[in-house]
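Peer 1: For reference, the chains in residue letters:
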Amino acid sequence: MTAVLEVRGLRYELPGRGKGEGGRVLVEDVSLSVAAGETLVLLGRSGSGKTTTLKLINRLLEPSGGEIIIAGRPATGVAPHRLRRGIGYVIQEVGLLPHLTVEQNVGLVPRLEGWPAARIAARVRELLVLVGLAPDQFAGRRPHELSGGQRQRVGVARALAVDPPLLLLDEPFGALDPITRAELQREFQGLEGRLGKAMVFVTHDVREGLLLGGRVGVMQAGRLVFLGTADELRRSGHPEVQAFLGAAA
Amino acid sequence: MSLVRFYLNNAQEVLGLLGQHVLLVLVSTTIAVAIGVPVGILLTRRPSWRRAVLGLANVFQTIPSLALFGFLIPLPLLGGIGARTAIVALVVYALLPIVRNTYTGIAGIDPAVREAGRGMGMTDGELLRLVELPLAASVILAGIRVATVVGVGTATIAAAIGAGGLGVYIFRGVAVVDDRLILAGALPAALLALAADGLLGLVERRFAWR
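Protein sequences, first through last, are from chains A and B.
Per the working numbering, the first sequence starts with residue 1, numbered consecutively.
Per the working numbering, the second sequence starts with residue 1001, numbered consecutively.
Take the hints with a grain of salt, since some may be wrong.
[To be verified] Among chain B residues calculated to face chain A with C-beta under 7 Å, some are:
1. Gly-1119
2. Met-1120
3. Gly-1121
4. Thr-1123
5. Gly-1125
6. Leu-1135
7. Ala-1208
8. Trp-1209
Note that these hints are calculated values from the structure, not bench results.
All residues carry an ideal CB built from backbone N, CA and C; glycine is no exception.
Pulled out of the complex, with its shape left as it was, chain A reads as follows (with noise of 0.2 Å):
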């Protein structure tokens, strides 16, 4: 299996204010790859670097050093508006547009690829499907008009509507009650297994880490401090990972 993502030595550190004088590194030495149907899961406490990780993989921070390589191709190689479209990205709560409706929010990126509306409108039926809404019920509905989790189904239905081979969730259950939470949870678990998407999944809970990722790598500090399968991390000796596990039992 040839990997969709690929990152060797990913570094970025904030610019610095005076001359000559390097600012907060945030991201340190990172590499990882994640292939076709892969989930890796990023854990890690706030601050320690994996949302961070996840900006500089469809390049809303600039990286500072490393290497990204998308389907084969250097990140580098595109203009981040396109990069940015062959990935799809899902974040806590405020994704959706709130001026749009559900049906404009997950036909957005289709429309700014310039599809045809009617192949827009049935893209995003058989996406609002998936998702498990009813698209005569939510299609014509604001997002201030849906529930946590009904925004987050629109938002991973928004995420794969140009059918992109890499997704990144950033805590995407993190703002929800812990039944939806469950909830979603279990059906993305589903989701994962028909859709053979790469994804990387940032998530500072670590049960939502072992039940979803199938590698989880564990960053503290701006480092990849631990890389392997669920089983691996529960034999590890690291005292981050240590804390982690810790913490969930």
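Put chain B on the given structure of chain A with help from the hints.
Peer 2: Okay, now just chain B, sitting in the frame of chain A:
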């Protein structure tokens, strides 16, 4: 009652002045929007210019309107006697609320929403058109509403430099100490301001997303 009789007797003149007044406000506000909205957008892209530009607009705002009309008269191109000078002055007054509201409307958008748009692959132009302007629309329209209402009032002074409008009656009334004549100009001007306020308020509410 005598006011009603005055209007009936001078119907043609009243309508003519009202028309002039509406035209003065309409033209000046349109020009102010055409200048002010792009300037406001520019300020969100160049935050370091904000202080200077808003400061300048503020200074214009503090010049007493009658004085500004007077200052403009001797200027070449912009000045002289008549509607053109009045429109220049009205544009100057309308700029501040429009520029300021365009800036604050866009700057006040949740950065996470903007980032979501960029994360989906929007270019700067698409972000402006599809996210920033629609979300800032109600704030921008509120600025246009303030500018319009203030413009209706200020335009009465335009009569002082021969630009016509409802101010003609007010100045004439002041000159001959005739309350009825002052009222004949002031009343429709006030109603016009209220109508503009109500109408633009309706439009503004259409753009409130929550």
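Peer 1: With reference to the structure, classify each hint as holding or not holding.
Peer 2: Status of each hint after checking the structure:
no.	hint	in the structure
1	Gly-1119	holds, 4 Å
2	Met-1120	holds, 5 Å
3	Gly-1121	holds, 3 Å
4	Thr-1123	holds, 5 Å
5	Gly-1125	violated, 10 Å
6	Leu-1135	holds, 6 Å
7	Ala-1208	violated, 10 Å
8	Trp-1209	holds, 4 Å
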